[in-house]
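For the record, the sequence lines run as chains S, P, E and L.
Mapped onto this note's numbering, the consecutive letters of the first sequence carry residue numbers 1 to 316.
Mapped onto this note's numbering, the consecutive letters of the second sequence carry residue numbers 1001 to 1322.
Mapped onto this note's numbering, the consecutive letters of the third sequence carry residue numbers 2001 to 2511.
Mapped onto this note's numbering, the consecutive letters of the fourth sequence carry residue numbers 3001 to 3353.
There are no misleading hints in this set.
Capping the alpha-carbon separation at 25 Å, the derived lysine-lysine pairs in PhoX-like fashion look like this:
no., chain 1, residue 1, chain 2, residue 2
1, S, K308, S, K262
2, S, K80, L, K3185
3, P, K1161, S, K211
Keep in mind that the hints were calculated from the coordinates and are not lab data.
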Amino acid sequence: QDTRVGVVPGGPHPYFAAWEDAAKDATAQLDLVAEYHVPAAWDLSQQNAMIESLVGQGFNAIAVFPGDASGTNATMSELKDFGIPSVAIGGCLQAPTPAEFCLGTDVYQSAYLGTKELIEAMGGSGNIVHLTGFLVDPNTSLRIDAVQKAADEVDGVEVIQVIADIDAPEPADEKINAFLAARGAEADGMISTAWVPSVVAATALRNLGDKRIRMVAIDHDQVVLDAIRDGFVDGTMLQNPYGQAYIGAYALDLVRGGCTVKPDAPFDTTAQTDMFIDSGTAFVDASAVDTYQDTMIAVTDEIMDGFKDTYMDCPE
Amino acid sequence: MSDQGVTMPRAVLSGLRRHEWLGLAAVLVLGIVAMAATQPAFLSTYNIYIMLTAFSLSVLIALSQMVILAIGQLNLSVGGLGGLAAVIFAGAMDVLGLPVPLAILAGLAVGLLGGLINGIVTWRTGLNAFIVTLATLSIFKGVNIGLTEAQPFYGIAEPVKWFGNARLGALPALLLVSGPVVILTGVILARTMFGRHLLAVGGNQQAAALSGVGVGRIIVLAHVASGGLAAMAGMLAVARLQLGQPTIGDDWLIVSFAAPVIGGAVLAGGHVSVIGTCLGVAIITLINNALVLLRVDPFAVQLLLGFLILFAVGLGRVRSGR
Amino acid sequence: MTEQSSGREPVLAIDGATKRFPGVLALDHAGIDLHPGSIHALLGENGAGKSTLIKIITGVHGADEGEMRLDGAPAAFQNPRDSIHAGIAAVHQERNLVPRLSVAENILLERMHTRFGLIDYAALNREAARIMATLGLDIDPRRPVRDLSVAQMQLVEIAKGLSVDARVLLLDEPTASITPHETGTLFRLLRDLRDEGVAIMFVSHKLEEVLDLCDTVTVLRDGQNACRSEPMQGLGRAELVQYMIGRKETFVTGRQRKPQGAPLLELNDVSTDLGHHGISFDLRPGETVGLYGLVGAGRTELAHAIVGAARITGGSLRIDGEEERPRDIGHTLRQHRIGYVSEDRKGEGLVLMHSIRTNIAVTIWQRIAGRLGWLTPATEKRAVLPFVEKLEIRAPSVDQPVGLLSGGNQQKVSVAKWLAAEARLLIIDEPTVGVDIQTKAYLHELIHDLVEQGTAVLLISSDMPEMLALADRIVVMHEFTVTGEVPNDGSSGEVSGAIMRCIHAEGEEVA
Amino acid sequence: MTRTDQPAATGADRERKRGGAGMAAGPKPGRAALGWLASNEAGLLMITLLFVLLFSQLTAGFTSLFNLYALTRVLAIDAVIGFSMMVVLVTGGLNLAAGAIGVCGAMAAGWFMQALGLPVWLALPLALCVGALLGALNGALTVWMDVHSFVVTLATMSIFFGTMILLTEARAFSDLPPGYVALAKTRYGFWSGLLVVTAIVGVLLWLLFHRTTLGRQILIAGANPRAAAMSGVPAGLTVIVCHALSGGLAALAGLMLTSRNGAALPSMAGQLGMDWLLPAFLAPILGGTLLTGGTVSVAGTFLGAALVTVLTNGLLQLQVGEFWIQAFLGAILLIAVALDRLRAVWIERRRVR
Ligand SMILES: Nc1ncnc2c1ncn2[C@@H]1O[C@H](COP(=O)(O)OP(=O)(O)OP(=O)(O)O)[C@@H](O)[C@H]1O
Ligand SMILES: Nc1ncnc2c1ncn2[C@@H]1O[C@H](COP(=O)(O)OP(=O)(O)OP(=O)(O)O)[C@@H](O)[C@H]1O
Ligand SMILES: [Mg+2]
Ligand SMILES: [Mg+2]
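Can you make the complete structure from the sequences, with help from the hints?
In structure tokens, the structure reads:
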């Protein structure tokens, strides 16, 4: 059996660095070939072109971070027609989807939990500002809703402003600082649900020397981790990119080997899909910041362990 | 008597034409007054500092495009080159551990070299600069991503970080770079042979050539200058962000065109205005700041941004009587 | 032959110059010798290769064959920069100015005065004003060139050529769009330069000027030498024409007409935002009215106001007896079937990148198109060819971009398109600038025919003989107002005397 | 450079000497062929074929059925995006809002079909009208404000896109009629069915610009608006028409992409629709349409899109180092256009003889 898995992120981004390692490790450790291929830019069409060309090159399974939760379905269903299975990793595809399942972070849940942590750090009340990415990304709406919901659940907590479309560093710097200038005094906490704003906001708080405003970030940028160590940021919502790619490749190999996804497997249900496997989300604060990788490896091992039996029906 | 009747309106008209940026200045003042009246935080020292910081960065980006607009071409690679210079600058400190002055030289050299490539290729092949810089944009960005693999460089030297965030009251240290550059550009364009030849080539390349102007040299130098300015912007962005982000420069393109064009640059070449460009940058900065301060619903931000730009341009034109 | 024209060696000599363009052999082994202290006429029909020869000398084009000797030594210039450095200055036929730079900057573009690397504008403007003064040109050196009239631009261009201290001065139709007054000043200047030992080459279609000014002549026909560097002495107009066209000149005789009916265009005390005031005259179908005046008298701009490119601020303008305030050019032209042959053929007359066919047919598209505006090149060609042939427009095909034609041929296209349009009122601004004598005659004939058929023509021309040949009445303008009207009885002396008196009278009044 | 005695040259000389009368005869066949070879279109075609040949030799996947099908589908859409920009470039303007209008058109179609339940045959033309209307608005603003369309479309790009985001809250319409979605999957041999749409649009555009009064007026007004106005051409109107056409074409591209993605997505053209700008400009400019206006090449635009699609696809197939692919794309594009340039210069030299 010669499974060749294309592991395709949405575009060049530091988040996906671990995918490359995971693909290499999977190739070395499992009986399959997994290659990491990055589209030249964050652009649905470029990602589609990338995937199509991988098929042309003989790849027969695709693990993809959907460039668009709905839009990537079309390409995946076409692949399915060609007998090529796919899974969504990192983020999910909107159901109904031809992808076997989704292994990733529940963006809604992650934003919700992050906000909960923030509220706790704020002492249970205060004003929150929410920093997030491009509005065209449907996940951004989910995140906005999740943060709003977490805030609504607690009396005395209010989301006073949402700053969106700051996925590029320069505007992020300009807008976050403008907010701090104008309403920094009003704000008690910041939640960031996108990578770049997390980095920029962490830097901004450090520059201001402001430890009054609490902050919860997302992902594992070094700037954010350092800020957690130094007390400018309370914590960050970590994801498990390595596990996503590794397990994704493994699962695709199983599917190509004739396994089918168990309809009654213990999938979670999210806003996007009811075939969701949580790849692990963890809140990392100063106490865990140096050991978070172990946590994630543990999660990965845990999912890997019973994966075949839990989620797959395999012919013997 | 009749003579005066003829000359008066002409004089007034040409005066207005010379100061076409008066309308934009009025729009800017209007905007500032409106914001100051409604938002007390607007005039806070820190907010002014933030706006000046954004201005310092954007104005270099805009000037980098403006010099190319002056010769009647477009430079799509401004962002690509700025971004590359930024990561080379950061990488030189982080990976190679070079001292800051050398890193600055490296970044600047990348910008100048990139500009030189743009200029020589455009001039030598006679290809449309649009195509050439589009291709080199792809090359610069590709090299950037290839070198960094999309990972930022974190090891920025302390003095650089300090410079990016130092301020005297509301005045950011970044102004120490962009201020002189703006003035220098203005003087060069208005008062040196090189500047006038730049505009002559843009205004009528054939006429310039027939007058004995070395058109090739001018075109190449303009691209080199553009590259240098882009590199400076890229390095300032690194200082400001305290991080060598590979995505620096990705969204410069629009602002690089918008500010000079709002400021009165003619896309066909031969006419640019440094003051107008500065006002264009200032207006865009003001709008961005206002949209945050006014707590606009994020879903309505783009909509409002568009209307405000249209409004500012419209008003600027009405005021300048054209 | 060379030996006859001067005892000294030629400073510049060309032999066997050949230049091919796609579909055209512009120069075919042509030669010329320029001697110091001589004014050398270069003549030929439109498209004969005169401008091409100049462009080869100055390095704008590379020659396919032939050699050039400067002071006896072989030379070839890669670009105009080199030729200027070698002391060769040229005033090209096409306007080559940078529109947004000032007059002074344009004149001294490569030689600006600098102090500590910065331009010394005071000195620059002073120097430019000095050069312009020698030409009798009085315009503010700080004005952007794009605000100037065509004639003023031509003078700036000449000033630019003169600003180089050149040993060889090449002038390609410098007098095409200026009036005899400025021409006189220019000629005095050229004679002075000649006496200082400068070698001057002078291209013109105005044979009277050539006979008056030049001492040597070279004639090109179809890119070949019809004569090379012959002394002018003993040659007359007839001989020159014989050289140029290889046959005798045919004359078109003026015809008598009677204008019919009510005025088509009436201006009554009109003033405009450009500064015109007190403008009154009328124009009837089947009549040609001339507008005469010195450079900058405001004739072109008055024409602009009539078609709606400038605003009328006072008085009344009537078309067919109805009050009109033209606003939008296209609208005025279409609604009243007015045609406007612009003097600025590069700017508003022609679309240089488009073909001859398109440029002529644009005015008649609506008429020749089929249903749904269907239009084929064949239809256009059929409509356009008669004019192309009548005016002898020289090009490899009607699909040739107009920008690649010789200057005179471009001018023919810009007139032809309005002759084709069947306008009721035709405003013709300097129709024969740079057109050779034979074609000029044809053009006059065409205009005659149109008027005969009832078209009203408003003719703006700085060419007095042309005025006399075509106009029924001549309205004289000076400094943006009308100073008199002179009927044209065909006697040139009296009419031009009357005109000059009109211009002069106004001058005295003001003074 | 010596004189050659090719018969074509002497023939032409004689022709020229006959003056204007010679024009009716038309060019010699030999020269006409050379003339075509010197054209931009021929160059693009040759360069594109060259790379097709190269890639099919170097990679196994390039000529696979699926790859060619995928390639032609991308090409079909990118060419229409290119057309949408081309028709505004003709006026000497540009349309930064092309992507935004494309998305608006697509989202409108999605709304018509999913929310209003309109049938496909009604929803699609309506969506095209939405695009044309937005485009016409651009044109009208450009003429009325008398500023360069750059500024106008820069602002309207934000306005259109912002309005779309506000109305849809960035939610996709993914429940579209299967018949419509299947459209993008049609396949003839290795051709994508979408190419048919592109071809029809291309032919119509060619007819417009080369065989109708309106098209010719657009061209002449684009080359020199003042001269056009002075010749009685309604120059302002042509600008509005072109922008409307551009909007309609952008919406068409949006609809094609929607069919291909199986959903109307707010993100399909990236932030503010700017992901479309590169294909939009690249195709017409490679194809020989000048930024200064007045020229148009429909075939060139199509071939420009083809060249870029082939290069992109071929490079992906070549599997050059992952992160470096963009650098290679830029370099190879530069080489391709430089080659084309060399060819044109070379042929021009031959032709002059
Ligand atoms: N760049 C060019 N490309 C193609 N043909 C050209 C070009 N320049 C000139 N020609 C052709 O070469 C011939 C000679 O042109 P040239 O301009 O030298 O004529 P000329 O004698 O100056 O005429 P005129 O009196 O009208 O100015 C003409 O037939 C013209 O169409
Ligand atoms: N008093 C004045 N003040 C400023 N500019 C003037 C004045 N008089 C004339 N001009 C200039 O002269 C030009 C008017 O020229 P116009 O073209 O109408 O004249 P014309 O009679 O057609 O002469 P020609 O075309 O021979 O120059 C204007 O463009 C303007 O720049
Ligand atoms: Mg000539
Ligand atoms: Mg005039």
